[in-house]
Amino acid sequence: MYRSHERAIAATQAGAFEEEITPIEVIGEDGEKEMHKIDEGIRFDASLESISQVKLLAENGRITVASASQICDGASLLKICNNR
Numbered sequence: 001m002y003r004s005h006e007r008a009i010a011a012t013q014a015g016a017f018e019e020e021i022t023p024i025e026v027i028g029e030d031g032e033k034e035m036h037k038i039d040e041g042i043r044f045d046a047s048l049e050s051i052s053q054v055k056l057l058a059e060n061g062r063i064t065v066a067s068a069s070q071i072c073d074g075a076s077l078l079k080i081c082n083n084r
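This note's numbering puts the first residue of the sequence shown at 1, with every later residue one more than the last.
Some clues are possibly wrong.
As the list claims (entries may be wrong) - In silico SDA-like links for lysine to any residue, alpha-carbon gap of 25 Å or less: (1) LYS37 to LEU78; (2) LYS55 to ASP45; (3) LYS55 to SER4; (4) LYS79 to MET35; (5) LYS37 to ILE21; (6) LYS37 to ALA11; (7) LYS33 to ILE71; (8) LYS79 to GLU20; (9) LYS33 to GLU19; (10) LYS55 to ILE42; (11) LYS37 to LEU77; (12) LYS79 to THR22.
Said to hold, decoys possible - Restraint ranges, calculated between C-beta atoms of paired labels, are given here: (13) ILE27 to ASN83: 32 to 38 Å; (14) ASN82 to GLU19: 19 to 25 Å; (15) GLY61 to LYS33: 37 to 43 Å; (16) GLU6 to GLN53: 14 to 20 Å.
These are calculated hints, taken from the structure and not from any lab test.
Treat the numbers as computed from the prediction; the structure is a model and nothing was measured.
From the three backbone atoms N, C-alpha and C, an ideal C-beta is built for every residue, glycine too.
Required output: the full structure, derived from the provided sequences and hints.
Below is the structure:
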């Protein structure tokens with residue numbers, strides 16, 4: 001899981017997702033408009049130490065908060081238009 005975040009960080013910094021993510025304008029908590037243009041699911045501050053200290057969600061389970069899917073997983077939009 002940690003390696004997955006490392007790869008995602010490197011790809012983001014290299015611009016690999018720029019063609020896959022359409023920037024949208026959002027209003028921040030401070031009321032200012034800003035462009036949302038990166039995947040928020042990537043944990044830029046992830047470390048092996050922090051991930052190893054996360055507790056299991058269920059006793060004898062395998063899933064932790066660090067390995068579970070995030071609420072935003074699967075968000076997408078498809079717009080289909082014709083020439084009219």
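Each hint, compared with the structure:
1. Restraint check for LYS37 and LEU78: the C-alpha separation of about 17 Å stays at or below 25 Å, so the hint holds.
2. For the given pair, LYS55 sits about 18 Å from ASP45 by alpha-carbon distance, which is consistent with the 25 Å threshold.
3. Restraint check for LYS55 and SER4: satisfied, since their Cα atoms lie roughly 20 Å apart, inside the 25 Å limit.
4. The straight-line distance between the Cα atoms of LYS79 and MET35 is roughly 20 Å, inside the 25 Å bound, and the hint therefore holds.
5. In summary, the hint linking LYS37 to ILE21 is supported, as the alpha carbons are separated by about 6 Å, within the 25 Å threshold.
6. A C-alpha spacing of about 14 Å is found between LYS37 and ALA11, which places the hinted pair at or below 25 Å, so the restraint holds.
7. Using a Cα cut-off of 25 Å, the hinted pair LYS33 and ILE71 holds, with the two alpha carbons roughly 23 Å apart.
8. Annotation: proposed proximity of LYS79 to GLU20 holds, straight-line Cα distance about 15 Å (limit 25 Å).
9. Distance hint between LYS33 and GLU19 is fulfilled; the C-alpha atoms sit about 22 Å from each other, no more than 25 Å.
10. A hinted pair counts as satisfied when its Cα atoms are at most 25 Å apart, and LYS55 with ILE42 qualifies at roughly 20 Å.
11. Between LYS37 and LEU77 the alpha-carbon distance is near 14 Å, which keeps this suggested pair within the 25 Å criterion.
12. About 12 Å separates the Cα atoms of LYS79 and THR22, which keeps this hinted pair within 25 Å; it holds.
13. As the Cβ distance of ILE27 to ASN83 is approximately 33 Å, the hint placing it in 32 to 38 Å holds.
14. The beta-carbon spacing between ASN82 and GLU19, approximately 24 Å, falls within the hinted interval of 19 to 25 Å.
15. Distance hint check: the CB atoms of GLY61 and LYS33 are about 42 Å apart, consistent with the given range 37 to 43 Å.
16. Checked against the hint of 14 to 20 Å, the C-beta distance between GLU6 and GLN53 comes to roughly 18 Å, which is consistent with it.
Hint compliance for this structure: no hint is broken.
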